[in-house]
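Those protein sequence lines, which keep their order, are chains A and B.
Quick note: the first sequence, position 84, residue 84 per this note's numbering, numbers continuous.
Quick note: the second sequence, position 230, residue 230 per this note's numbering, numbers continuous.
It is worth saying that the hints were derived from the structure and are not from the lab.
Errors might be hidden in some of the hints.
[Stated by the list, open to error] Residues of chain B clear of chain A, computed beta-carbon distances all greater than 10 angstroms:
no.	residue
1	Ser-58
2	Leu-86
3	His-96
4	Thr-102
5	Ser-133
6	Thr-175
[As the list claims (entries may be wrong)] If the Cβ cut is set under 10 angstroms, some of the chain B residues that face chain A in the computed set are:
no.	residue
7	Val-75
8	Asp-95
9	Phe-118
10	Pro-122
11	Leu-143
12	Thr-150
13	Arg-174
14	Ala-178
[As the list claims (entries may be wrong)] Reference excerpt, derived from the structure (chain A facing chain B, CB under 10 angstroms, subset only):
no.	residue
15	Glu-45
16	Ser-49
17	Leu-86
18	Ala-153
Glycine is no exception: its CB is placed at the ideal position from the N, C-alpha and C atoms.
This is what each chain is made of:
There are 2 protein chains.
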Amino acid sequence: MNTVDISPLTRKLSTFVALSANELAVLERLYQRRRTFVAGRDLVEQGQSKQAAYILASGWVCSYKIQPDGTRQIVDFQIPGDFLGLRSVLLRTSDHSFEPITEIQAAEVLAKDLLEVFASTPRLATAVLWAASRDEAMVVEHLVGIGRRTSIARMAHFLLELGARLVLVGLGSRTGYACPLTQYHLADALGLSAVHVNRVLRQLRERGLVTFRDGWVTFDDHERLSELAGFDPAYLDQTGPLLR
Amino acid sequence: MNTVDISPLTRKLSTFVALSANELAVLERLYQRRRTFVAGRDLVEQGQSKQAAYILASGWVCSYKIQPDGTRQIVDFQIPGDFLGLRSVLLRTSDHSFEPITEIQAAEVLAKDLLEVFASTPRLATAVLWAASRDEAMVVEHLVGIGRRTSIARMAHFLLELGARLVLVGLGSRTGYACPLTQYHLADALGLSAVHVNRVLRQLRERGLVTFRDGWVTFDDHERLSELAGFDPAYLDQTGPLLR
């Protein structure tokens, strides 16, 4: 396999497990059935059952839940290398919806394929469990953010987390990253109004910490921003493979 | 194995996977190293690394994160059959703390034991991933609750979810369950003040929906309570084994 062909998922899982040639081949096979999906049309809908999971190859997706009163809570954003609906494959009924924010490419993974992979390559199963654990740790951070952080610390934490995740799959650097999210996405994710989002972003920019403008997040002062957010990236666990 | 010896974890995982005699034996071995821990002293602390995971055999635990300003967000409560710190074993650094709410019995599981189990019994790995997915689905519900639900719907949803979880491991029924939580636990979990918790519980009682008194939760009207909460238990995935 040529290094330019390394998928974002392989890149991500390699952070946790030093993958063998056979494991890499199995992972690449999972990645075969790639399709293009347009922005704005749900891939998976809340309450849907027996759907496949997807591995995101390119583009951005958000996962969300609609409340009975019609309000929307965005649970998380998915970037290349992330699973979509992994939890739902195992839980049978999807507990949330997925909407592509941009045009995306994603590889469909059927539940039976996944279970076969687990049976034949247990180290890959562990790596997938690692990825699921990491996803859960992010949801926990979002819970703490909404429950306990000020709106400015919440926004700062969110932008830093996205940055760290994007670096892992080669789509960002310590200076910043391309970001297709609108103020409405940020509002629905952080439990703020769109007006409040704008105010918080302006404060962060005016304090020389981070600028989000024209689809680009620029870290003006990564260190002070991390301090303000109380951002400790340990929960993202990106420090190199545990399983060799 | 005698049915009276079935551990809550085995009972829970059997909801997802019809376990073979060998898989049951492996699971019981994981369950050997049981110890007693007193209430109020953390089992695992935020930021601690290389700690073991635990399987909770009896008693209640809460997992929480302390924010830099000293406020506490309870992420979830663990009941018998739940893993403590499973995510942290794979993520190397614990992203939160665990505190026993009552005296508990818990079996220590070392990371290497867990990885061996995954390698030797891949169906068990899938079952553990199922349990982790279910835990994540609960954290997502808590996120949505804090982000989008009114305080009364949030409390109703929380009490219903706990009830459904306890039924699964034989510790509750549709009429109610024993519950050692205080108003302070509820407040830290639901993002409310203790005074607010009391007011909400009084409203739920006066409306004839649920009564929480003297360590006992009684569902006075399970159906109307579920309606108020918008509670759909599908995310708990308790409808019978997917893997036979």
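We went through each hint and held it up to the structure:
1. The Cβ of Ser-58 (chain B) lies farther than 10 angstroms from every Cβ of chain A, with a closest approach of about 25 angstroms, so its non-interface assignment holds.
2. Taking the minimum C-beta to C-beta distance to chain A, about 7 angstroms, the non-interface status of Leu-86 (chain B) is violated against the 10 angstroms cut.
3. Its beta-carbon lying about 7 angstroms from the closest one in chain A, His-96 (chain B) breaks the requirement of being farther than 10 angstroms from that chain.
4. Distance to chain A confirms Thr-102 (chain B) as a non-interface residue, since its nearest Cβ pair spans about 23 angstroms, more than 10 angstroms.
5. Against chain A, the non-interface label of Ser-133 (chain B) is violated: not every CB pair exceeds 10 angstroms, the least being about 4 angstroms.
6. Interface exclusion of Thr-175 (chain B) from chain A stands, the closest Cβ pair being 25 angstroms apart, more than 10 angstroms.
7. Because the closest C-beta pair between Val-75 (chain B) and chain A is about 5 angstroms apart, less than 10 angstroms, the hint holds.
8. Of the supplied interface hints, the one on Asp-95 (chain B) holds, with its beta-carbon coming within about 4 angstroms of a beta-carbon of chain A, less than 10 angstroms.
9. This hint holds: Phe-118 (chain B) has a C-beta 5 angstroms from the nearest C-beta of chain A, less than the 10 angstroms allowed.
10. Hint on Pro-122 (chain B) holds. Least Cβ distance to chain A is approximately 4 angstroms, under the 10 angstroms limit.
11. Taking 10 angstroms as the C-beta contact cut-off toward chain A, the hint placing Leu-143 (chain B) at the interface holds, the least distance being around 5 angstroms.
12. A hinted interface residue such as Thr-150 (chain B) counts as satisfied when its beta carbon comes closer than 10 angstroms to some beta carbon of chain A; here the least separation is about 9 angstroms, so the hint holds.
13. Checking Arg-174 (chain B) against chain A by beta carbon gives a least distance of about 21 angstroms; that is not within 10 angstroms, so the hint is violated.
14. For Ala-178 (chain B), the shortest C-beta to C-beta distance to chain A is roughly 26 angstroms, which exceeds 10 angstroms, and the interface hint is violated.
15. Restraint check, Glu-45 (chain A) versus chain B: the minimum CB separation of about 13 angstroms is more than 10 angstroms; hint violated.
16. Given hint, Ser-49 (chain A) at the interface with chain B, holds; its Cβ is 8 angstroms from that chain's nearest Cβ, closer than 10 angstroms.
17. With its C-beta approaching chain B no nearer than about 7 angstroms, Leu-86 (chain A) sits inside the 10 angstroms limit, and its interface hint holds.
18. Hint on Ala-153 (chain A) holds. Least Cβ distance to chain B is approximately 9 angstroms, under the 10 angstroms limit.
Consistency note: the structure conflicts with the earlier hints numbered 2, 3, 5, 13, 14, 15.
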